[in-house]
Each structure stands twice: as C-alpha cells, then as structure tokens.
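When you get a sec, could you build the whole thing from the sequences and use the hints?
Just so you know, the sequences run in chain order A and B.
Heads up: the first sequence at position 141 corresponds to 141 in my numbering, and the numbers run straight through without jumps.
Heads up: the second sequence at position 142 corresponds to 520 in my numbering, and the numbers run straight through without jumps.
Please keep in mind that the hints were generated in silico from the structure rather than gathered at the bench.
Some clues are possibly wrong.
[What the hints assert, rightly or not] Computed spacing ranges between beta-carbons, pair by pair:
#1 B:N566 <-> A:G85: 48 to 56 Å
#2 B:A546 <-> A:S152: 35 to 43 Å
#3 A:D313 <-> B:W397: 36 to 44 Å
#4 A:N273 <-> B:S584: 33 to 41 Å
#5 B:G786 <-> A:D34: 47 to 55 Å
C-beta atoms are modelled at their ideal positions from N, C-alpha and C, and glycine is treated no differently.
Listed below, chain by chain, are the residues.
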Amino acid sequence: MGILVICRAKMSLFGSTSGFGAGGTSMFGNTATDNHNPMKDIEVTSPPDDSIGCLAFSPLALPGNFLIAGSWANDVRCWEVQDNGQTIPKAQQMHTGPVLDVCWSDDGSKVFTASCDKTAKMWDLNSNQAIQIAQHEAPVKTVHWIKAPNYSCVMTGSWDKTLKFWDTRSPTPMMTLQLPERCYCADVVHPMAVVATAERGLIVYQLENQPSEFRRIDSPLKHQHRCVAIFKDKVNKPTGFALGSIEGRVAIHYINPPNPAKDNFTFKCHRSNGTNTSAPQDIYAVNGIAFHPAHGTLATVGSDGRFSFWDKDARTKLKTSEQLDQPISACCFNHNGNIFAYASSYDWSKGHEFYNPQKKNYIFLRNAAEELKPRNKK
Amino acid sequence: MTICHFFLQGRCRFGEKCWNEHPRGGGRSGPAAPPSQGTGRGGWGAHNQRYTNVVQPSNFSKPTTWGGSRDDRKAFFGPSIDSGSGNKSSGFSQNRFSALSSEQNIGNSYRDEEEKLLEGIIKDMEVWESSGQWMFSCYSPMKEKPNISGFPDFSPEELHLEYYNCRANNNIQNYINSVQQLVNQWRNRLLELKTLNTSTKAALVSELKNVVSQPLPAFGFGGQQTSTFGSPGFPLSSSSDRSASSSSFKSNTELVSASSGSTTAFGSSSIVPDPSALGVTSSSRSAPSIGFGSQPASSAASFSFKKPETAGGFGTSGFSGFGSSSAVNLSSTTSLPAFGAVNAAVAAPASESGSSLFGQSVSAFGYNVAPAPPAATSIVTSDKLFTPKTDLSPEELKQFEAKKFTLGKIPLKPPPIELLNV
Numbered sequence: 001m002g003i004l005v006i007c008r009a010k011m012s013l014f015g016s017t018s019g020f021g022a023g024g025t026s027m028f029g030n031t032a033t034d035n036h037n038p039m040k041d042i043e044v045t046s047p048p049d050d051s052i053g054c055l056a057f058s059p060l061a062l063p064g065n066f067l068i069a070g071s072w073a074n075d076v077r078c079w080e081v082q083d084n085g086q087t088i089p090k091a092q093q094m095h096t097g098p099v100l101d102v103c104w105s106d107d108g109s110k111v112f113t114a115s116c117d118k119t120a121k122m123w124d125l126n127s128n129q130a131i132q133i134a135q136h137e138a139p140v141k142t143v144h145w146i147k148a149p150n151y152s153c154v155m156t157g158s159w160d161k162t163l164k165f166w167d168t169r170s171p172t173p174m175m176t177l178q179l180p181e182r183c184y185c186a187d188v189v190h191p192m193a194v195v196a197t198a199e200r201g202l203i204v205y206q207l208e209n210q211p212s213e214f215r216r217i218d219s220p221l222k223h224q225h226r227c228v229a230i231f232k233d234k235v236n237k238p239t240g241f242a243l244g245s246i247e248g249r250v251a252i253h254y255i256n257p258p259n260p261a262k263d264n265f266t267f268k269c270h271r272s273n274g275t276n277t278s279a280p281q282d283i284y285a286v287n288g289i290a291f292h293p294a295h296g297t298l299a300t301v302g303s304d305g306r307f308s309f310w311d312k313d314a315r316t317k318l319k320t321s322e323q324l325d326q327p328i329s330a331c332c333f334n335h336n337g338n339i340f341a342y343a344s345s346y347d348w349s350k351g352h353e354f355y356n357p358q359k360k361n362y363i364f365l366r367n368a369a370e371e372l373k374p375r376n377k378k
Numbered sequence: 379m380t381i382c383h384f385f386l387q388g389r390c391r392f393g394e395k396c397w398n399e400h401p402r403g404g405g406r407s408g409p410a411a412p413p414s415q416g417t418g419r420g421g422w423g424a425h426n427q428r429y430t431n432v433v434q435p436s437n438f439s440k441p442t443t444w445g446g447s448r449d450d451r452k453a454f455f456g457p458s459i460d461s462g463s464g465n466k467s468s469g470f471s472q473n474r475f476s477a478l479s480s481e482q483n484i485g486n487s488y489r490d491e492e493e494k495l496l497e498g499i500i501k502d503m504e505v506w507e508s509s510g511q512w513m514f515s516c517y518s519p520m521k522e523k524p525n526i527s528g529f530p531d532f533s534p535e536e537l538h539l540e541y542y543n544c545r546a547n548n549n550i551q552n553y554i555n556s557v558q559q560l561v562n563q564w565r566n567r568l569l570e571l572k573t574l575n576t577s578t579k580a581a582l583v584s585e586l587k588n589v590v591s592q593p594l595p596a597f598g599f600g601g602q603q604t605s606t607f608g609s610p611g612f613p614l615s616s617s618s619d620r621s622a623s624s625s626s627f628k629s630n631t632e633l634v635s636a637s638s639g640s641t642t643a644f645g646s647s648s649i650v651p652d653p654s655a656l657g658v659t660s661s662s663r664s665a666p667s668i669g670f671g672s673q674p675a676s677s678a679a680s681f682s683f684k685k686p687e688t689a690g691g692f693g694t695s696g697f698s699g700f701g702s703s704s705a706v707n708l709s710s711t712t713s714l715p716a717f718g719a720v721n722a723a724v725a726a727p728a729s730e731s732g733s734s735l736f737g738q739s740v741s742a743f744g745y746n747v748a749p750a751p752p753a754a755t756s757i758v759t760s761d762k763l764f765t766p767k768t769d770l771s772p773e774e775l776k777q778f779e780a781k782k783f784t785l786g787k788i789p790l791k792p793p794p795i796e797l798l799n800v
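Shown next, in the form of structure tokens:
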C-alpha cells in the first residue's frame with residue numbers, strides 16, 4: 001500500500017521537502033501487509049535491480065518461451081520460462097545507459113535493445129554477443145524489428161525527433177524520417193507502424209516496399225501520449241491501434257473505419273474512486289498496452305499498480321487486478337497468449353521523492369489463457 | 379434544477395411538463411454511444427473523429443464547482459449522467475469525447491461554443507489539479523484544437539533520466555530546482571486557466587482560434603507548410619485527414635507563434651530557407667547495402683508525393699541506396715529547427731552535463747507562457763521572461779542577434795525584449 005497511500009497527500013508532492021523523502025514505501029516495510037504480489041502470480045527469479053522499462057517475449061519461431069527485460073540499471077536480462085512456471089536466468093547484456101525498449105527478431109535469434117546511451121544494439125543470443133547497430137543524437141525510446149517480404153530492418157525512434165531504419169550491417173541508417181516531436185512510443189505490425197510523439201503527435205506509417213508516412217492523425221486524447229499498441233482484425237491484418245495517455249485514458253482508433261464517429265472511442269481506466277462520486281478521482285498514467293495475440297482482447301497496466309483486461313469490441317472490462325504496492329511499468333504477452341508478464345517497479349510518475357532504490361522490482365507471470373477470452377457480444 | 383438525463387438521451391416522456399431541466403440543444407437525437415455497461419467500471423464512450431462539437435464538461439452534476447451563473451446557462455451538452463450521482467465512470471457518461479448530436483451544434487452561436495470550450499478547459503484544469511496525474515504534460519481542450527501554450531510535454535522517462543544524470547554528476551540539487559521550477563510554472567499556468575481573467579481569456583481564445591493562419595515560415599514542423607515540412611511521403615491523401623493531420627502540429631506552431639516575436643530572435647533557424655536543410659530523410663550518400671530491395675526511382679512516385687518541390691532535400695525516395703537524395707545530412711542536428719534545436723542541443727550533452735535539459739526547457743517554457751508580450755502582461759513576470767541586454771554575455775547577445783542560432787551556443791537565458799519583433 002505504501003507508495004500509493006502517500007500519493008493521496010497530493011500537496012506534498014513535488015516541491016515540498018516533506019519527511020517522506022525518498023523512502024515512501026519503506027514506511028510500510030511491514031511484511032505482514034506486504035502487497036507486492038496481491039495477485040499471487042509467479043515471480044520471475046533474479047529480477048533487475050532497477051525499474052523495468054520494457055518486456056518482450058520470444059516469437060513463435062523460437063521453441064519455448066524466453067523473456068527479455070530492459071531496466072534502468074542499464075542491463076538487459078533473458079530468462080527461460082518453462083511450462084511449469086519456473087524461470088531460469090539465461091544471460092545478460094549491458095548498455096551504458098538505461099534500457100528503454102527491447103524487441104525480438106522474427107526468427108527469435110536476435111534481441112534488439114534501445115537505450116538512453118543513444119544507441120541500439122543487436123544481441124545474438126546464440127553467441128551471446130551484442131553489437132551496436134544504431135546511433136541517435138538523443139536517447140532511443142523505441143526499437144522494432146520490421147520484416148517485410150522484400151526487406152528487413154530495425155526501426156528506432158528517438159527523443160532526437162527522428163525515426164531511423166537500420167540494416168544491421170551498416171552504421172548509417174537506410175532511412176531517416178523526421179518526427180514532429182520526440183518519439184514517445186511506437187508499435188509495428190507489418191505493414192503498419194504507429195508512432196506517438198510528444199505534444200500529442202500521432203503518425204501512421206505504411207511499411208510496404210519501404211517505410212513511408214501514411215497519415216498524421218489528430219490525437220484523440222487530450223494529454224501526453226504514453227503507449228501505443230496496434231491491433232488486428234479478424235483476418236489478422238493490422239487495422240487500428242490503442243493509444244494510452246498519462247491521464248488514465250485509452251483511445252481505440254481504427255485507421256479506416258466504416259463509421260469513425262461510432263467505431264473510434266476512448267475509455268477511462270486506471271483511476272481510483274470508481275463509483276465514489278463526490279471525491280475527486282486519482283488519475284494514473286497508462287504505462288503499457290498489449291493485445292492478446294489470439295483473442296484480440298487487450299491488457300493495460302498503469303501507474304496505479306493495477307492491470308486490467310478489456311474487450312474492445314464488446315466495449316467492456318473483463319477484469320481488474322488488485323492493487324500492487326508499486327506502479328506496473330511494462331507488460332507483454334507471450335507468442336500464443338498463454339502468459340501475461342507484467343513488471344512492478346517505479347515509473348517516476350510521482351517524481352524523485354518516491355524513488356526508493358532499495359525497493360525490489362518484480363516481474364510477474366500470469367496464466368492468461370482464460371481471463372482474456374472475449375465477452376460475447378450482446 | 380437538475381438536468382433531466384432522459385431528455386439528454388432523447389427519451390424524456392414528460393416533455394414540456396418535465397420537472398427537470400431540459401437544456402436547450404441537449405441530446406435530442408439520442409445517445410451517441412450505446413450504453414453498454416458490461417461489467418463496466420470503465421467509463422466507455424464514443425467520440426466523433428471529426429467532431430465540431432463543443433467540449434462537454436465532464437461532470438455537470440457537481441454544481442458546487444461551478445459558479446451559480448454557470449448552472450443557469452443552458453450550456454451543458456454533456457452526455458447524460460445519473461442525475462446527482464456524477465458518477466464518473468458509469469456507462470458512457472463522463473466521456474467528454476462523446477459524439478452528442480452534432481446537428482444541434484450547428485445551430486449554436488459561435489460564441490456559445492467558445493464559452494463551452496472555456497468551461498471545459500476550466501473543468502479540465504480542476505480535474506488535473508486534484509487528480510494527481512502527471513503534471514508535465516501537454517494539454518488540448520479538444521481534438522483538432524492545438525495544444526494550449528504553457529504546458530510543455532515531458533515524459534517520466536525524461537525526468538527519470540535527468541535525475542540519474544544529475545546523480546552521476548553529484549548535482550541532484552540542480553535537478554530538484556529545475557523540477558521545482560517546472561512545477562511552479564505548471565501550477566501558475568493552471569491557475570491562470572482555472573481563473574480566467576479577461577486578458578488570459580483573450581489570449582487563450584485567440585490561441586485556440588488561431589489554428590489556420592500561421593506565420594508562413596514559422597516553424598519547420600508547423601502545421602500547414604508541407605513545403606518546409608519536407609516530410610517523406612506525406613500523402614495528404616484523404617481530405618479529412620488533411621485538416622486532421624495539420625492540426626496536430628498547430629500545437630507546435632502555436633508554441634512558436636505564441637512566443638510571438640521570439641521566433642525571430644530565437645527560432646531563426648526554424649526559418650529554414652532551404653527545405654533540404656531540414657535534412658528530413660536523406661540518408662547517407664555512401665550508399666551501403668540496400669536493405670529495401672532494389673527500387674528504381676520511378677517507384678518512389680507511388681508514394682504520392684504532393685509537393686514535389688519539397689523533395690529537393692528528399693530526393694525521390696530519400697533513400698540510401700539511390701544517392702539521389704540531397705547532400706544534406708539527415709540526422710545532423712544542424713538542420714533541426716529552433717525548438718528541435720533546443721532539445722537536440724540539450725539532449726546531446728544531457729548525459730554529460732545533466733542540467734542543461736532543464737535549463738533549456740525552463741527558458742523555453744518561459745516563451746510559451748507569454749503568447750504576446752504586450753497583451754499578456756498579466757501573465758508574465760517580465761523579469762523572468764526576458765533578460766535585460768546587460769545581463770547577457772557578448773556571445774549570448776551575438777547569438778540572439780544572429781539570424782540563426784549556432785548549435786552548441788544557444789544561450790540558456792531568454793532573449794532580451796529589445797530584440798523581439800512583436
């Protein structure tokens with residue numbers, strides 16, 4: 001309960017040198033009320049020592065399940081997740097700055113990592129060697145592998161307001177696209193890519209033949225963009241995306257809907273006081289969105305320390321978790337959607353005062369086969 | 379009088395005889411979104427992708443937060459809410475994006491719309507203040523509206539990184555001060571918007587209205603000028619998206635034009651005469667392996683370039699293998715426009731010095747706060763916003779007086795008021 005209870009004393013945030021200092025959660029170090037895993041999910045062994053910024057599961061091409069996590073301790077770790085739930089640390093690589101994004105190549109042999117040290121690296125898991133494959137002028141916020149019929153490349157989005165595409169064998173990018181502002185989040189599902197930037201910028205790219213800007217979209221959200229995830233239609237083609245903001249809200253946006261007014265919508269999430277009307281709500285940021293690969297339902301994780309599952313077609317919520325004692329900073333599904341992984345660590349949503357280096361960070365694994373089944377449409 | 383929520387849904391069976399208030403122009407044509415509750419604590423709602431609707435105040439059954447006069451106005455177009463409950467997450471209620479009968483609004487006076495927009499902004503500010511949500515976020519009252527000046531966007535990761543850098547340099551106090559400054563600026567701006575006095579209101583209204591007429595060369599990333607944009611393959615395909623697409627950048631242009639004359643002194647590098655200097659996508663000339671497969675230049679035409687003259691820098695495909703791309707170096711920071719330059723210049727040394735990010739952003743923020751120095755004197759404490767000439771070092775003065783900023787030499791202080799052409 002620690003950190004989030006203190007959050008209610010809003011006036012003490014950000015500027016008061018109150019007694020809370022950096023030890024917000026340590027005030028409630030009492031293990032009897034330890035709420036670090038209220039959902040009783042599987043804890044990944046040897047979690048990173050600092051906030052986890054990104055998670056990625058291995059693709060279908062790789063037998064078994066391997067989880068990659070990038071953290072603010074500058075490391076990227078790899079675990080094997082066995083069917084019985086056991087997690088075995090396998091390997092680790094380092095950057096010289098916090099790792100902001102990770103992704104796998106389609107064949108599962110390489111892992112790409114993006115870091116605040118302005119580079120992106122390619123980690124060959126077989127040889128356990130990592131080489132730099134990208135360079136930016138500012139921290140690299142997103143990295144994605146693009147596999148098109150006639151080309152493959154790595155796409156990196158950075159705070160230097162560019163989107164670059166890299167052939168991993170060359171130090172110069174194959175292509176650079178200007179962004180209107182710093183890249184905050186992106187997603188790729190061939191042949192579509194979405195990039196959301198600072199100042200509510202939102203751009204869709206098409207990746208056939210070569211990447212090019214497809215459309216700039218007016219943001220459906222009023223506040224800062226935080227996370228984005230592309231979803232597919234019934235025939236497995238990307239058809240739209242979900243965009244989350246810092247204001248506890250997710251927008252579902254179709255690229256070419258038959259009826260935009262009806263088909264596109266937003267919904268509120270990660271807010272407190274759901275039914276209590278008189279008190280002002282606490283509104284938390286949506287830190288991550290992930291779509292279930294089979295069901296098409298989605299999961300959102302927030303600064304409130306909860307995750308929720310939603311059915312966007314039935315427009316209903318499927319489940320909300322109990323509240324963890326820390327924000328949930330990242331999430332992802334494995335390739336078949338049986339495992340939902342989420343990371344419990346501080347996301348800086350309340351500033352440095354609530355940063356506690358001693359607080360342990362966790363990654364939890366949950367069986368997601370049943371809970372994300374779509375609700376039958378009325 | 380409470381608002382009749384059946385009327386808002388278009389199904390009040392008492393009609394004129396109803397004891398509750400039927401706001402003029404309320405949702406007669408019925409709810410825009412089916413009230414699917416499901417297990418919903420989620421507060422779902424539909425929004426019009428291209429709505430001309432006014433923003434709905436998210437909760438109008440909290441009369442205490444509004445002045446009495448506001449209640450009397452039949453201005454609440456909000457979607458229905460269980461009267462008196464003000465339940466923020468029920469059904470499709472509070473979602474201010476709900477596409478309530480758009481036909482209604484056509485009949486409304488423009489002034490009314492403006493009023494509603496301002497009310498919506500006030501409401502949003504109140505919520506923002508009380509909700510504990512992330513402070514350093516941009517804000518726009520409604521889709522297709524520009525971001526309101528005075529709220530620069532910083533992600534938690536940027537602050538997080540800044541803290542780590544400062545910590546590495548034993549300079550945490552610098553971070554704390556910078557953040558404190560940002561917080562104060564946020565709070566001030568929020569207060570301004572919450573308690574709209576006449577001058578703030580005027581500035582705000584002009585900002586919101588000023589979505590079309592942008593100063594021409596203003597901003598590299600700015601809305602309408604795709605020529606300076608030089609962005610790749612920006613097809614401008616569907617007309618609806620045209621306006622939609624440019625609007626998201628009005629915000630940036632807003633920021634610049636909002637800082638009025640400062641563009642000339644400050645952002646001169648944004649007035650890039652040579653579009654190719656934006657260096658958009660020209661990748662390197664030393665054509666390395668062509669991952670994208672062999673594309674004859676003609677195929678690039680399929681990317682529906684609408685502004686071929688922009689392609690100067692861009693080449694036909696802006697693509698490494700061809701060498702037809704301009705001689706400009708893509709990602710080099712020298713080609714980034716003003717604001718970009720600020721951030722790039724800052725971001726580059728960020729890891730070394732650690733404090734420059736905030737130093738820059740704070741002064742940049744200072745620009746946003748004062749849309750037009752003459753008009754907005756009530757907002758500005760002028761001694762913070764402009765540096766008197768005497769306070770500037772000769773080098774800084776030279777930079778301000780120069781046509782363009784030299785990257786790496788951009789002064790951290792705001793410019794002197796004398797140099798601004800308002």
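Q | Ascending list of hint numbers which this structure does not respect | A | none
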